[in-house]
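So the protein sequences, as listed, match chains F and S. Per numbering that gives the first Met the number 0, the first sequence starts with residue 0, numbered consecutively. Per numbering that gives the first Met the number 0, the second sequence starts with residue 0, numbered consecutively.
Derived by calculation from the structure, the hints in this document are not laboratory data. Warning: the hint list may mix true and false statements.
Unchecked claim - Straight-line distance between alpha carbons at most 25 angstroms, and here's what the computed SDA-like set of lysine to any residue pairs gives:
#1 144(F) with 178(F)
#2 156(S) with 361(F)
#3 294(S) with 185(S)
#4 418(F) with 437(S)
#5 156(S) with 341(F)
#6 294(S) with 437(S)
#7 144(F) with 10(F)
#8 418(F) with 151(S)
#9 156(S) with 429(F)
#10 160(S) with 277(F)
#11 294(S) with 401(S)
#12 471(F) with 163(S)
Said to hold, decoys possible - One-sided excerpt, in silico: chain S residues whose CB lies under 7 angstroms from chain F:
#13 66
#14 133
#15 147
#16 166
#17 170
#18 178
#19 182
#20 284
#21 287
In this text, all values refer to a predicted model and were calculated from it rather than measured experimentally. Beta carbons are placed, not taken as given, at the ideal position from N, Cα and C, and that holds for glycine.
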Amino acid sequence: MSIAASLLLTLPEIILSVSAIALMLVAAFAGDSATRFVNGAAVAALFAAFLSLGAEGVAFDGLYSADAFSDFAKPLIYLAAGVSILLSTRFFAAEDKLRAEYSVLILLATVGMGMMVSATNLLTLYVGLELQSLAAYVLASFMRKDQRSAEAGLKYFVLGALASGILLYGISLLYGFSGTTDYHGVATALADGVGMGELFGIVFVLSGLSFKIAAVPFHMWTPDVYEGAPTPVTAYFGSAPKVAAVALLVRVTIEAMGSAVTSWQQILIFTSLASIILGAVGAIGQTNIKRLLAYSSINNVGFVLVGLAAGTEAGVSATMTYMVIYVLMTLGSFACVLQMRAADGRHVEDIASLAGLSRRQPALAAAIAIFMFSLAGIPPLLGFWAKFVVFDAAVAAGLMPLAVIGIAASTIGAFYYLKIVKIMYFDEPAEAYHPVGSYVESGVIALTALAVSPLGYLAIPMLSAASAVAAKALF
Amino acid sequence: MSFPILSTMILLPVVAAFLTIFLSANAARWAALGTTLALFVLGIVLWQAYDIGGPQWQFVEQAPIFGQRFSWALGIDGIALMLIVLSVFLMPICILASWESIQKRVPEYMAAFLMMEAFMIGVFAAQDMFLFYIFFEAGLIPMYLIIGIWGGADRIKASYKFFLYTLIGSLVMLVAMLWMAREAGTSDIPTLLQYNFPVEAQTWLWFAFFASFAVKMPMWPVHTWLPDAHVQAPTAGSVILAGVLLKMGGYGFIRFSLPMFPEASAALVWVVFGMSMVAVVYTSLVALVQSDMKKLIAYSSVAHMAFVTIGLFAFNRQGIEGALIVMLAHGLVSGALFLCVGVIYDRLHTREIARYGGLANNMPYYALFFLFFTMASVGLPGLANFVGEFLALVGAYEANSWVAAVATLGIILGAAYMLWLYRRVAFGTAAGEDTASMKDITAREWLTLAPIAAATLWMGVYPESFMAPMRNDVTAILARIEPVAPHGDAKLKMGDPKKLAKAHEAAHGEAH
């Protein structure tokens, strides 16, 4: 394949890289006053990258693959990245000051995420992952003067570097024992029995990736980073990188390790159950809404892994469906968190400040209630459908104990989601919030709430069809 | 395709609920009343149009709008029809009962009730297993809000308990449903009703469904959420809880457990009988010592629901028909009893039995209604409960005479605690000046109690009106379960006269 054809296949990444560089120059020369323009241009670049999707094929001699799977994950990543740019403007204007680098960093991270999703070689995987992570470390400590933000960035960096090391070590083992870094080559090598070295490689790769998706036992950074990072950044952490990392994990497990399902299935089953239970139990005592949502994301990753642990086409399709619905719920919830501002205009994160919200701001309370019930997986909200498909896949694959324990543990999760609803609806009103009046935030909340409401069920045929096509591309 | 009446009955309250939120308190009341009355009319139309002896599933609607895993499939048989009629009959009464007692956040309250109604109708009308599950679970949300926002002092604990208790039971059922849909290749309930699941799997499936329905029913020992929920819920919430939500458990048994897993049901009859026998005696004794009126009636509900489970698992026609009538009758009578409690609670703001007394003097009409429903609850012949309890006991006697004997004990205890409650509330002397000066029931309260009294009497005198639509469905269920019915200990064995005569003749012949 010619270089030109390969470049054409990576057009979305090229568009994003070029825009990131161009916008960085704008930022450097025009300064922070150009932030609004840079943000708008970044969103436009994401949209252009979305439009350029669709070409399918393998680029650069098997380093990169544009297929139905990446075409499914990338729009979701672009959407999440775009929304976190849109949500940032008002927040930074109010809290700190507008900085033009923000959307440039997001764009660079998005390039990395695109590489992660499309990688078919362990080294492309690593490069993509690092590009995304480096941008993320900076984003976590984006509010330089805020101590918590700086701490979050440092913590994320140190632990992230450790995880990258573990991952890289696993890759080197896989390379050493199979002689290739190509997914299909690794799969061929694993097909004739998994040796001790290869098994260690698999375990280390999965450990490194578990860190990136914040699955137990590599979840410790999540609550601190979620709490410390500026809220729009947390919204971003909870959505786009999670999609990319999950998609990456799916592709590695299915394409590179698909011939050795039994050697990773039990790891995923353990991680999944541990995440579900720890995420649920950990959230119960939280008083900070962002920490609570961090535990909720750990809990949700557990459910995502239920689908992947099935190791089947239906399981992959379920996993991707789950991610779509999860991203909608996460973006919506964080947009609601952004609306929580004390009378002096500062953002508050205390759950107690939500008390009696249903009487102060009924629409906002209703939206949060929808997200909470949906995250808890209570029908008729769309969150139920997400859980339905993953457990359906697990049951079809014969993983009955996983399904029963996982689903029973979701009752624990329901408890703390209900607590939020209780605080908003049953308690006496607390001090009123400062009105926000941002059309962007209200719009995001309204659209995502509508999408996870029962009306979202009408989109199920479309969603199932698309995720089935995406899953098929991997098998 | 004919007019989609079931979809209309589900979607109309949803739309109305959404619009009600934006109205003022008074407008919301009238809007809710109008909607529930319209649904009641639709329910009557449904009953009239239902063709008794016609196809098993009527008013069938099928719209594959949710992809391949499940569809918007609706349709009712006679059992579902009667439960839908019960729901739409109780709803306007609930709205009327909340007319004055609910003063805060009225539009949201009315919206929650309308949503509740939509979900209830959905549960009974769903013909797809997963659609059933969605409606079954969705009902938790409005009820959680109703108890939590408009409930009594200890409402938060009660609302949590209600939600989590019922949720955990249902989730296990969901896993079983997923397995069944894989095994049978469909989630269509009529098809599943004819599918023979492997006997080894049935036990697991049966227990998974049992986990959900036993909690919902509720059966001893998983009934503990009910007294809390009843005591804390506002009056109308209790009426819906006792009147309709508890019936979902019984409906689940008759729709899923019995016909889909007949072998497992037969093998595990002792579990149901054991739990029901304990429930009848134990909860009746507990009811006897309550000092809170609502709690007393809540415990009596558990005891009455045990008759339903005993009747259903008797595996014969009398038992099942009796259980169905008990479900309908209990829906009316316990609902009415909660309304009676609500009437005096609105006046004195306490449910403490000791604070009342002598109400027959200053509230004669109230005392009359209360007596009527007390008698109905006790099982006075001529009123609704008698018919059902009698049939259920006849059925139980055929299945197991011990069960019947213990259940009868429950009826005696039931008479004891209800009559004693009535004596303490209505007779004797008033506990205080404020009790003695309470006014008799108003026109609005007449409107809530009189229709239920009329229906109770109707069901007691001429149960055939209610039984006729359900008879063929009971036959269909019996066709599934009778081949495996456990052998009863009390069935009289028919002798063979011809054989005896021959033996006699032979004996005579030898003598000659």
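Inset, instruction - Report the numbers of all earlier hints that the structure fails to satisfy, in ascending order. - result: 1, 3, 4, 5, 7, 11, 12, 19, 20 and 21
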